[in-house]
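Sequences and hints are given; from them, build the entire structure.
As given, the protein sequences belong to chains S and G, one line each in that order.
Numbering of the first sequence is given in the UniProt record's numbering, commencing with residue 1 and proceeding in unit increments.
Numbering of the second sequence is given in the UniProt record's numbering, commencing with residue 1 and proceeding in unit increments.
In short, the hints are calculated from the structure, not lab data.
A virtual CB, placed ideally from N, CA and C, is assigned to each residue, including glycine.
Heads up, some of the hints might be wrong.
No farther apart than 27 Å at their CA atoms in a straight line, the calculated lysine-lysine pairs in the DSSO-like style are these [what the hints assert, rightly or not]: (1) Lys110(S) / Lys130(G); (2) Lys218(G) / Lys190(G); (3) Lys229(G) / Lys521(G); (4) Lys44(G) / Lys32(G); (5) Lys273(G) / Lys190(G); (6) Lys503(G) / Lys132(G); (7) Lys456(G) / Lys110(S); (8) Lys273(G) / Lys522(G); (9) Lys53(G) / Lys420(G); (10) Lys218(G) / Lys440(G); (11) Lys535(G) / Lys99(G); (12) Lys273(G) / Lys229(G); (13) Lys53(G) / Lys22(G); (14) Lys44(G) / Lys463(G); (15) Lys159(G) / Lys233(G); (16) Lys463(G) / Lys124(S); (17) Lys535(G) / Lys229(G); (18) Lys81(S) / Lys218(G); (19) Lys22(G) / Lys8(G); (20) Lys470(G) / Lys124(S); (21) Lys535(G) / Lys5(S); (22) Lys124(S) / Lys456(G); (23) Lys53(G) / Lys27(G); (24) Lys132(G) / Lys110(S); (25) Lys99(G) / Lys27(G); (26) Lys233(G) / Lys132(G); (27) Lys5(S) / Lys456(G); (28) Lys44(G) / Lys8(G); (29) Lys453(G) / Lys124(S); (30) Lys81(S) / Lys130(G); (31) Lys521(G) / Lys273(G); (32) Lys233(G) / Lys81(G); (33) Lys310(G) / Lys273(G).
To give a feel for the contact side, a few chain S residues facing chain G, derived at Cβ under 8 Å [what the hints assert, rightly or not]: (34) Lys5; (35) Gly14; (36) Asp16; (37) Lys23; (38) Thr39; (39) Ala68; (40) Leu72.
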Amino acid sequence: MAERKIRILLAKPGLDGHDRGAKVLARCFRDAGFEVIYTGCHQTPEQIAAAAIQEDVDVVGLSCLSGAHNYLFPQVVQLLKGEGADDIMVIGGGIIPEQDMQALYDAGLKSIFTPGATLDSLVKWINTNVTPRA
Amino acid sequence: MITEDLVKKSSGLRQKWEDEVKKIVAKHSDQKENWTTVSDLGIKRIYGPEDIKDMDFERDIAYPGQYPYLRGCQPTGYRGKYWTFRMFSGMGTAVETNKRWHYLLATGQTGLSTAFDFPTLMGYDTDSPKAKGECGKVGVAIDTIEDFRDLIQGIPLDKITTSMTINPPATILWAMYIACAQQQGIPLNKIGGTIQNDMLKEFIAQKTFMCPPEPSVKLISDTIEFGTKYVPKWNTVSISGYHIREAGSTAVQELAFTLRDGMEYVEDVIRRKGLQVDEFAPRLSFFFNAHIDFFEEIAKLRAARRIWSKAMRERYGAKDPRSLWMRFHTQTAGCSLTAQQPYNNVVRTAIEALAGVLGGTQSLHTNSLDEVLCLPSDHAVQIALRTQQIIAEETGVANTIDPLAGSYFVEALTNEMEEKAWEYIHKIDDMGGMVAAIEKGFPQLEISDASYKFQKQIDAQEKIMIGVNKYVQEDEQVDIPIVEIDDSIEAEQLKRLAEVKRKRDGRKVAETLKDIAVACKKGENVMPYCIEAVKNYATVQEICDVYREVYGEYRDPGIY
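Set out below in structure tokens:
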């Protein structure tokens with residue numbers, strides 16, 4: 001049987017509309033052979049958590065440039081946990097100041113990517129750190 | 001302009017030069033095979049008379065203030081007046097933003113420009129669950145006219161023009177401005193400013209939308225009609241390529257999609273409102289990006305003026321020269337700035353600003369070096385403003401008008417940008433216009449293609465970003481101060497909103513909202529009803545909820 005592909009949900013939480021990065025990543029991950037679901041902009045944390053569970057994804061990638069990441073990212077982690085889906089890994093990206101990072105890691109984010117990260121490095125990170133869930 | 005004789009002579013000389021080049025290249029090959037602009041237009045080793053041999057001076061170039069306005073709309077360029085130095089600002093509460101405005105005016109800025117926070121941009125109040133965590137973060141939070149009054153405290157509305165970067169709720173914020181002017185006894189023909197109010201680019205690029213494209217365009221036509229009749233000095237739309245470019249488009253796509261959006265508005269006003277094109281076209285304004293590829297940007301801005309004047313004359317029969325003038329604001333490219341080695345951003349911004357000036361912009365915003373990390377600090381915004389002042393008053397580039405005209409390279413590049421933009425414009429015409437093209441996802445996909453390609457070029461070092469993929473400083477510590485918007489702002493704003501809601505006459509609010517709903521359903525102009533509603537303290541979201549109810553809500557199809 002063929003190995004199950006890694007499934008990624010890319011989501012834009014909150015009201016931020018800067019979706020260039022999320023869309024570039026959606027294409028990049030698709031080209032890298034992952035299964036990609038992109039939510040589009042303006043998703044609430046509840047919608048994102050529900051979609052992640054419903055789509056049975058292995059990892060959720062959150063992108064935010066509005067400065068609301070401190071509230072929105074941990075919220076998604078919490079909601080997944082509340083649904084017993086804490087085996088879904090959550091990573092984040094966007095304009096995330098250095099001084100906010102530790103708190104986000106403490107809240108359960110597995111990695112945070114900021115401007116300048118190469119596409120290759122992201123694909124590599126996913127391949128190294130994510131195994132498709134059974 | 002270029003005679004056959006000259007082309008003949010030049011061809012001979014060129015042949016000789018090319019033979020020389022061949023010899024040299026055989027010994028020392030070029031640094032790379034393909035030379036392209038940042039948006040991938042091919043660039044030749046050299047340009048000469050033969051590259052612009054079909055140009056006609058009178059038809060294609062002429063002088064400033066002469067059709068096709070390639071060299072500028074005003075005959076005297078910057079000699080009479082520099083461009084407007086218009087820095088964008090807005091953060092936290094209205095009171096704080098007002099403080100920044102006064103600081104900027106004292107620093108020598110000549111016009112104001114406001115950024116709103118995401119809840120305001122999307123038509124939600126601070127007390128909406130959707131607004132949580134966003135209040136005041138990327139701009140000022142405005143819920144009611146009470147906030148708006150704080151925002152404009154001490155600003156003479158009849159002397160200073162204000163630009164408001166607002167789109168779906170543009171009718172409402174403009175209504176607040178108008179209501180404040182009326183309450184201060186200033187006649188509406190004395191106030192001037194700009195509302196961005198360009199919804200089509202929201203679907204294409206910026207994604208702060210509310211209702212579907214068709215009714216969104218209707219609301220814009222309402223403002224254009226109202227402005228034409230009652231607020232004649234107001235720019236009721238700023239047709240914006242800036243965000244299209246920031247979303248990853250090429251320069252040609254920015255040019256084509258922006259101008260085609262403008263044409264869509266012109267067509268809608270003529271069709272829906274029955275106005276003559278010359279009645280309203282003089283107040284249409286534009287907003288472009290100035291990216292880092294110097295000549296490509298200059299060519300883009302020059303081509304923009306020529307395309308617009310041709311479109312207005314040939315497609316819509318405009319006769320008033322002011323209808324043919326493309327007046328535009330420019331902002332340096334946020335997406336060209338790097339979080340790495342952020343002081344380099346000062347240099348990037350200076351070059352981009354210079355391109356804007358040589359392209360003939362009428363208003364300019366220079367980005368601050370820290371904007372890739374946070375909202376600009378006082379110090380960073382001052383350097384950015386000083387950049388413009390140095391360009392204006394020290395460098396001498398504003399001494400003569402359109403100094404690059406006649407350059408073989410610049411004219412050839414200008415022609416090429418124009419041709420390629422028209423190809424896109426005609427393709428969109430064939431689809432049935434911009435609303436139809438957006439519904440098909442056409443511009444969205446074109447931009448996605450371009451941005452993905454660019455990112456791959458960066459990764460492969462085919463395009464260079466200093467500090468990111470070349471001359472990288474390992475273990476770099478970024479040591480610039482970061483402006484943070486405190487979360488306490490949200491609590492403060494919630495308190496203010498609750499207070500306004502408690503004090504106002506709830507019945508009156510409900511009545512005015514009902515009037516807006518009726519106007520929407522009947523297809524009437526909503527502006528008079530919005531002015532009445534905001535005077536009675538209806539909130540931004542309450543009015544937007546009416547729009548969402550009547551027109552429906554647009555959801556991001558997530559095209560990539």
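Quick rundown of the hints versus the structure:
Straight-line distance between C-alpha atoms of Lys110(S) and Lys130(G) comes to about 25 Å, which keeps the hinted pair within the 27 Å bound. Restraint check: the Cα-Cα separation between Lys218(G) and Lys190(G) comes to about 26 Å, which is no more than 27 Å; the hinted pair holds. Distance restraint check for Lys229(G) and Lys521(G): the Cα-Cα separation of roughly 22 Å lies within the 27 Å cut-off, and the hinted pair is therefore satisfied. Note on Lys44(G) and Lys32(G): the hinted pairing holds, with a Cα-Cα distance of about 13 Å set against a maximum of 27 Å.
For the hint pairing Lys273(G) with Lys190(G), the CA-to-CA distance comes to about 24 Å; that is within 27 Å, so the pair holds. A hinted pair counts as satisfied when its Cα atoms are at most 27 Å apart, and Lys503(G) with Lys132(G) qualifies at roughly 24 Å. Between Lys456(G) and Lys110(S), the direct Cα distance comes to roughly 25 Å. Compliance with the 27 Å bound is thereby established for this hinted pair. Under the criterion of a C-alpha separation no larger than 27 Å, the hint pairing Lys273(G) with Lys522(G) is consistent with the structure, at around 14 Å.
Taking the CA atoms of Lys53(G) and Lys420(G), the gap is about 18 Å. The hint holds against a cut of 27 Å. Annotation: proposed proximity of Lys218(G) to Lys440(G) holds, straight-line Cα distance about 20 Å (limit 27 Å). Taking the CA atoms of Lys535(G) and Lys99(G), the gap is about 24 Å. The hint holds against a cut of 27 Å. Distance restraint check for Lys273(G) and Lys229(G): the Cα-Cα separation of roughly 12 Å lies within the 27 Å cut-off, and the hinted pair is therefore satisfied.
Pair hint Lys53(G) plus Lys22(G) holds up; C-alpha atoms about 25 Å apart against a cutoff of 27 Å. Between the alpha carbons of Lys44(G) and Lys463(G) the distance comes to roughly 17 Å, so the proposed pair stays at or under 27 Å and holds. Using a Cα cut-off of 27 Å, the hinted pair Lys159(G) and Lys233(G) holds, with the two alpha carbons roughly 12 Å apart. Only pairs whose Cα atoms come within 27 Å are accepted, and Lys463(G) paired with Lys124(S) is accepted, the gap being roughly 22 Å.
Note on Lys535(G) and Lys229(G): the hinted pairing holds, with a Cα-Cα distance of about 21 Å set against a maximum of 27 Å. Distance check on the hinted pair: Lys81(S) and Lys218(G) sit about 45 Å apart at the alpha-carbon level, beyond 27 Å; violated. With a C-alpha separation of about 21 Å, the suggested pairing of Lys22(G) with Lys8(G) holds against the 27 Å cut-off. Between Lys470(G) and Lys124(S), the direct Cα distance comes to roughly 21 Å. Compliance with the 27 Å bound is thereby established for this hinted pair.
Of the supplied pair hints, the one linking Lys535(G) and Lys5(S) is violated, its CA atoms being roughly 57 Å apart against a limit of 27 Å. A hinted pair counts as satisfied when its Cα atoms are at most 27 Å apart, and Lys124(S) with Lys456(G) qualifies at roughly 15 Å. Distance restraint check for Lys53(G) and Lys27(G): the Cα-Cα separation of roughly 33 Å exceeds the 27 Å cut-off, and the hinted pair is therefore not satisfied. Our distance criterion of 27 Å between C-alpha atoms is met by Lys132(G) and Lys110(S), whose separation comes to about 23 Å.
Distance restraint check for Lys99(G) and Lys27(G): the Cα-Cα separation of roughly 63 Å exceeds the 27 Å cut-off, and the hinted pair is therefore not satisfied. With a CA separation close to 37 Å, the supplied pair Lys233(G) and Lys132(G) exceeds the 27 Å bound. Restraint check for Lys5(S) and Lys456(G): satisfied, since their Cα atoms lie roughly 23 Å apart, inside the 27 Å limit. Under the criterion of a C-alpha separation no larger than 27 Å, the hint pairing Lys44(G) with Lys8(G) is consistent with the structure, at around 20 Å.
The suggested pairing of Lys453(G) with Lys124(S) holds, with an alpha-carbon distance near 19 Å, which does not exceed 27 Å. The hinted pair formed by Lys81(S) and Lys130(G) meets the criterion: a straight-line CA distance of about 21 Å does not exceed 27 Å. Taking the CA atoms of Lys521(G) and Lys273(G), the gap is about 16 Å. The hint holds against a cut of 27 Å. Restraint check for Lys233(G) and Lys81(G): satisfied, since their Cα atoms lie roughly 18 Å apart, inside the 27 Å limit.
Pair hint Lys310(G) plus Lys273(G) holds up; C-alpha atoms about 23 Å apart against a cutoff of 27 Å. A distance limit of 8 Å between C-beta atoms decides the matter here; for Lys5(S) the minimum to chain G is near 18 Å, and the interface restraint is violated. Checking Gly14(S) against chain G by beta carbon gives a least distance of about 6 Å; that is within 8 Å, so the hint holds. Contact between Asp16(S) and chain G, as hinted, is supported at the beta carbon level, the nearest pair being about 6 Å apart and thus within 8 Å.
Because the closest C-beta pair between Lys23(S) and chain G is about 4 Å apart, less than 8 Å, the hint holds. Hint on Thr39(S) holds. Least Cβ distance to chain G is approximately 6 Å, under the 8 Å limit. Below 8 Å, beta-carbon pairs count as interface contacts, and Ala68(S) has one with chain G at about 4 Å; its hint therefore holds. Interface hint at Leu72(S): satisfied, since its Cβ lies 6 Å from the closest Cβ of chain G, which is below the 8 Å cut-off.
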